[in-house]
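Residue numbers (the numbering used here), protein chains in the order written: chain S, 1 to 357; chain H, 1 to 245; chain U, 1 to 182.
Hints in this document: simulated from the structure, not taken from any laboratory. Here the structure is a predicted model, which is why all the values come from computation and not from measurement. Hints may contain errors.
[Said to hold, decoys possible] Simulated pairs of lysine-lysine, BS3-like, Cα-Cα distance not exceeding 27 Å:
id	chain 1	residue 1	chain 2	residue 2
1	U	Lys-32	S	Lys-272
2	H	Lys-203	S	Lys-215
3	S	Lys-305	S	Lys-272
[Unchecked claim] Going by beta-carbon spacing under 10 Å, a handful of chain S positions derived as facing chain U:
id	residue
4	Arg-303
5	Ser-338
6	Gly-339
Quick reminder that beta carbons are idealized off the backbone N, C-alpha and C, glycines included.
Take a look at the letters that make up each chain.
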Amino acid sequence: MSRIFLKGCEAIAEAAVRSGCRFFAGYPITPQNEIPEYLSRRLPEVGGTFVQGESEVASVNMVYGAAQTGTRAMTSSSSCGISLKSEAISFCASARIPMVYANIARGGPGIGSIHPAQQDYMQATKASGNGGFRMMVFAPATVQEAVDMTYAAFDYAQRDRNPVLILADGVLGTIMEPVVLPELRSEQEVKALKDAQRDWALVGHNPADGRAFIKPGRWSTLDQEQACKDNEALYASWENDVQVEEYLVDDAQYIITAYGISGRIAKSAVNKLRAEGILVGLIRPKTVSPFPYGAIEQLDYSRVKAILDVEMSIPAQMVFDVKLAVKDRCPIHTCLRSGGEIMSREKIVEAVRALAQ
Amino acid sequence: MKQVYKRTETFQENMVSGFCPGCMHGTVFKLIGEVLEELNIVNRTAVVLGVGCCGLAMEYITYDNTTSPHGRACAVATGIKRANPDTVVYTYQGDGDLAAIGLAETLSAANRGENFTVIFVNNGIYGMTGGQMAPTTLVGMKATTAQNGRNPKEHGYPMHMCEILNQLTAPTYLERCSCNTPANVIKTRKAIRKAFQNQLDNKGFSLVEIVTSCPTNWGLDAMESLKFLEEKMLPEYPLGVFRDR
Amino acid sequence: MERNLMIAGFGGQGVMVMGKLLSYATCYSTDKNVTFFPSYGAEQRGGTANCYVVISDEDIGAPLGDIMDDLIVMNGPSLNKFLYKLRPGGTLYVNSSIAKDPITRDDITVVQAPVTELALELGNAKVLNVIMLGVYIGFTDVIPEDVVWETIMQQLGKKEALIPLNKQAFAKGLEIGRNARK
Chain S
1 MSRIFLKGCE
11 AIAEAAVRSG
21 CRFFAGYPIT
31 PQNEIPEYLS
41 RRLPEVGGTF
51 VQGESEVASV
61 NMVYGAAQTG
71 TRAMTSSSSC
81 GISLKSEAIS
91 FCASARIPMV
101 YANIARGGPG
111 IGSIHPAQQD
121 YMQATKASGN
131 GGFRMMVFAP
141 ATVQEAVDMT
151 YAAFDYAQRD
161 RNPVLILADG
171 VLGTIMEPVV
181 LPELRSEQEV
191 KALKDAQRDW
201 ALVGHNPADG
211 RAFIKPGRWS
221 TLDQEQACKD
231 NEALYASWEN
241 DVQVEEYLVD
251 DAQYIITAYG
261 ISGRIAKSAV
271 NKLRAEGILV
281 GLIRPKTVSP
291 FPYGAIEQLD
301 YSRVKAILDV
311 EMSIPAQMVF
321 DVKLAVKDRC
331 PIHTCLRSGG
341 EIMSREKIVE
351 AVRALAQ
Chain H
1 MKQVYKRTET
11 FQENMVSGFC
21 PGCMHGTVFK
31 LIGEVLEELN
41 IVNRTAVVLG
51 VGCCGLAMEY
61 ITYDNTTSPH
71 GRACAVATGI
81 KRANPDTVVY
91 TYQGDGDLAA
101 IGLAETLSAA
111 NRGENFTVIF
121 VNNGIYGMTG
131 GQMAPTTLVG
141 MKATTAQNGR
151 NPKEHGYPMH
161 MCEILNQLTA
171 PTYLERCSCN
181 TPANVIKTRK
191 AIRKAFQNQL
201 DNKGFSLVEI
211 VTSCPTNWGL
221 DAMESLKFLE
231 EKMLPEYPLG
241 VFRDR
Chain U
1 MERNLMIAGF
11 GGQGVMVMGK
21 LLSYATCYST
31 DKNVTFFPSY
41 GAEQRGGTAN
51 CYVVISDEDI
61 GAPLGDIMDD
71 LIVMNGPSLN
81 KFLYKLRPGG
91 TLYVNSSIAK
101 DPITRDDITV
111 VQAPVTELAL
121 ELGNAKVLNV
131 IMLGVYIGFT
141 DVIPEDVVWE
151 TIMQQLGKKE
161 ALIPLNKQAF
171 AKGLEIGRNA
181 RK
């Protein structure tokens, strides 16, 4: 397979098309503009539809509608724009509508800065909208991972009939890297994927055969409670879908926890520190929901002296999940940047050196 | 004996609507059902219900339906229709849904000339939440959030959606009707049929505004509210065709 | 082996093109890993334009670092603003036509190249970035020069008339770079 040099946002967009995405609606916001721009020209080439919505709110609701027809559908935005999408994402989770969206995150809170950050972790993994629903959330660290995760995200979304989030950041959206693209699904395959949803999809049914009845809510509280229980069972099933990179952890006295862009920078810090003889390893969640608690829980705490949680968020957010897994068995320190300032290898190296002294 | 009238089969037989006595939602859904049957498109149709009393319909209609977030019906319908053009799509929205929280979605879908049908039910008040002021509430009309009546200095004036939409180039068909008399019910039925036929002919955005009553939140009985509709609502919201291309 | 580069200048100097040419050449003609990270000011026109290119035999960690192996400075303000980012022993490539301030560090190698003047001498102010790219390749050999030249030709595409000019510009830069290495 030959590699091509692609910008993160464009790679995500192309991966979506190759996975069978045939509807996208979005709204301009930096630094994700290359996703809608790319798809505005690419989707019509494969018989798909691009709509520039009048707002993030309208765009995500168009996707909520399109996805109800069984069409693979997607939207994207960045941080404050993602907040605007919250209500419809919650509707998708309640009505169990499969869709995919990407957050090319920037500094926050508020309008924050247009530069890369990881300040949306809690929103992404714990409360992407009202009602306590959950989603699978993928956190790519390279453009190649962004491609592979986006391609797979549509399959997970359709398997579970639930939204799936690609949680990237402004660095990943903006950098160009060599990638190997997955194969473009044929028109027949894409049609078959859509037709397989026909029973529940909002495409029109003969009433005698049973109507499609999309329920983002229920008049009966008992029915709504049952829906919540069904959702809970789905979320529990994700135990088997956890993805994590464990790098040089077997003999490590110091463990770095980091995801996404911070994760790859931390990995280069691990290499540098190992060359200095410091026994350090990395645990990098690739799915931040479901979170790889097990990888951190199972560490040998007679050997591990400390954990360094590395994030581009002040205050730290993922550290709460790390704490849940560590259970007070070793100290947890943080190494943080925020607001659009990007993590550097040197800062991580210095933080670990300080721990090792 | 020749059968001249029957209940629309788009209502489930064993269900009741849940609408208040004197409410016109039941009439409007009946008219829509009859039109869908006449045009033989029941098995191709999906309705996007707004948020409000109209949502009660989901339990008793027989065809495909979904509920949009409050105000977003025209965006949801855009997604459905664009992703699956063979489906006949209509939104059913009240005045709070379409003209307040959903104003941007309504205007933008109309401005894009989206090929679906909008049924806009205007009774000048929020129903399900309990009689709060709507953008369509008449000047001086009391609401639970405007207890001395709508005051233009504070609340502005009633919004006329057909007139506003008529400023746009793209819409195909805009008509305001009412269901206050048998004659007006028949006109409304014709308008609804035209709005669906336009969609089948790929002619673009059609909206039928229907001026209705809300006896419960107007604090009137059914007959009084018909009188109020005729004497107060219709002078503010004149019936007629605003656009027909 | 990993080598990281920052290119800094004004919008319109072809800073991004220079970074991309180097990156494309690395992606399509070598087995190495490469990242290209552009960084613009919020201005749509006339602002600063910087980019980072990392070329490595291993997986690349940070696509932009605090400490650079190489720094290409195309204008005066960037010299003062980014000189601190260069690691001790690193190399500064400076457009000496317009970045004239004295260089305040003595722990680095400096390659002076008056690329603005040279481009004007060649008859087209726009080729200053191709000259500077030549300087960088001539000095570092981070990737083979023929690979870079092929990429330049591919990117020029249908603008065949511009090939001789760019060939001259690239050769001029290579010469400056090689001479500086001696």
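Evaluated hints:
1. For the proposed pair Lys-32 (chain U) and Lys-272 (chain S), the alpha carbon gap of about 19 Å is at most 27 Å, so the pair holds.
2. For the hint linking Lys-203 (chain H) to Lys-215 (chain S), the alpha-carbon distance of about 30 Å lies beyond 27 Å, and the restraint is violated.
3. A threshold of 27 Å between alpha carbons decides the hint, and for Lys-305 (chain S) with Lys-272 (chain S) the separation of about 19 Å falls inside it, so the pair holds.
4. For Arg-303 (chain S), the interface hint is violated, since its Cβ never comes within 10 Å of a Cβ in chain U; the closest pair sits about 25 Å apart.
5. The beta carbon of Ser-338 (chain S) comes no nearer than 16 Å to any beta carbon in chain U, farther than 10 Å, and the hint placing it at the interface is violated.
6. With its C-beta approaching chain U no nearer than about 15 Å, Gly-339 (chain S) sits outside the 10 Å limit, and its interface hint is violated.
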